[in-house]
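Based on these hints, arrange chain X on the given structure of chain P.
Each chain, written out:
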Amino acid sequence: MTGVTIAEPASPSRTRAARFPGFGLIAALVFAATQAFALFTTPPDRDMGNLVKILFVHVPAAQVGLLSVALLLVSSVLYLWKRDERYDLVAASAAEVGVVLTALTLALGSIWGRPTWGVWWTWDPRLTSTAVQLLILVGYLALRSFVDEADRRAVWSAAVGILGGLNVPIVYMSVKWWRTLHQMQSSPSTVDPVYAWGLRLNDVAMLLLLIFFVRRRYEAARTQREAEEMLESAALGRPVPNEAANG
Amino acid sequence: MSWKSDIERVRAVAWKDLTVERHTKANFNSVAFLGALILMLFGFALGADSTALRTAAAGVLWLAVLFSGVLAFARSYQVELEGSALESLLLYPGSRWTIYAGKLIANLVFVGLMEIVIIPVALALYHLQVPDRWPTLIAVLMLGTFGFVTLGTFYAAMASRTRAREVLLPLLLFPMMVPVLLAATEASNALLNGDPMGNSGAWIRLLVAFDAIFFVASMFAFEYVIEE
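Quick note, the sequences are listed as chains P and X, same order. According to this note's numbering, the first sequence is numbered sequentially starting from 1. According to this note's numbering, the second sequence is numbered sequentially starting from 1.
Do not take every clue at face value.
Quick list of the computed label-pair ranges, beta carbon to beta carbon [as the list claims (entries may be wrong)]: (1) Ala202(X) with Asp84(P): 39 to 47 Å; (2) Gln78(X) with Trp197(P): 52 to 60 Å; (3) Gly24(P) with Leu81(X): 44 to 52 Å; (4) Glu166(X) with Val204(P): 38 to 46 Å; (5) Ala202(X) with Ile54(P): 49 to 57 Å; (6) Val20(X) with Trp121(P): 39 to 47 Å; (7) Asn199(X) with Trp121(P): 20 to 28 Å; (8) Arg54(X) with Ala150(P): 48 to 56 Å; (9) Pro44(P) with Ala164(X): 43 to 51 Å; (10) Trp117(P) with Gly201(X): 30 to 38 Å; (11) Thr19(X) with Gly24(P): 55 to 63 Å; (12) Val204(P) with Ala124(X): 55 to 63 Å; (13) Ala150(P) with Val216(X): 22 to 30 Å; (14) Asn29(X) with Pro239(P): 54 to 62 Å.
Chain P is nowhere near these chain X residues, computed Cβ spacing over 10 Å in every case [said to hold, decoys possible]: (15) Val117; (16) Arg163; (17) Gly198; (18) Ser218.
To spell it out: a stretch of chain P is covered by chain X in this simulated footprint if at least three of its residues, at any positions, have a beta carbon under 8 Å from a beta carbon of chain X; those stretches are [to be verified]: (19) 124-137; (20) 151-160; (21) 166-178.
FYI, nobody ran anything at the bench for these hints, they're computed from the structure. All C-beta atoms, glycine included, are put in the ideal place defined by N, C-alpha and C.
This is chain P alone, in the form it adopts within the complex:
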């Protein structure tokens, strides 16, 4: 009785997930191409030499990382509003990818800072507020991992996601006031024009990677939820719900 019904609902998401690696491959190729373009077409910086090119990963990772925080905030609001589990899973995926990108930003900033400023860490406003952003995201994920019940986890983490997302700009502002700015953040408009195109293209490539990672993580989370629901139903001796496979 159970064998067939359990196997069935999982299939739609499996085909969804199977289609998606194509996009991932494209994103990876685009990223490799824009990296190669940026690395080989730009000259070394007068003061920093080739070290300046760390910018082509560091800045896109920082910007896209911030974008994933925005995605976390928006999908958390949407979850509380619509009560659709998919928004919760998108929020969780955005937070996880955000942690990776934020950590990458910090690591690269640190590697860049050591030869440039002579220290691994400085209480620079960007660096400090990025570190706090990482801690906020980690807190969000910690809450998720400590709550077992799916509905409760979704509502609670949505609340934490909203408050955390709201706080990221406030943290940035307060840290900026605390340390008077000594390194303007880089963007295509503030760097030398030779670096601008490399930066812009890598922003796009990093964005594609973000979409791919969030999407993949989301599919994984959905599959996981479907499995949990089936286990729950099987344990309670109820027929397996078919709604699990919809959407």
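Then chain X, alone, in the frame of chain P:
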């Protein structure tokens, strides 16, 4: 439901929490004592140099408030978990935000009283002089405390009902406290040194904005959080 009955409910919840607290004074005493102890320990870490102590005083005082206050929030919901008191509380008719507001007031009283105990200790240990603009300093203290208690009360509603409550609450709360900590510390430092640059105004505005944003957001989100 009129606003009058809402106010009544807020008062009842606050009174209930404070009564529980009054009957078990042990909790307040140990938390306040812990605050003083933290001030002492930071003194050891910083060394006995008067200038160093004075420079660090505002930051240390806020850390002492944060570290000991965080224990108060967890307790505020722990009493509700015994004998499923929370379920009964939720069964009463009326808006859920009143529970949050009541607990917020009780926690404000708790943390406020604790500050009254530990601030004289800080003044003595860190060789501080009460500045001329002490009313502004008290306003900074109140605004900072309000921001801290607003988020603390809100996060504790979740963290105290999870498996890892001891570690989860500070893990969620402290990163959120960065703007409050910075603003309160910087404003207090400026005021303690006579504020020659007029820096405290901007920090006070930041505190007001922080308090307003998170008070509204917590009130809104609490209705969802408490029901799950």
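Hint compliance check: list the failing hint numbers for this structure, sorted ascending.
Result: hints 5, 16, 18 break, sorted rising.
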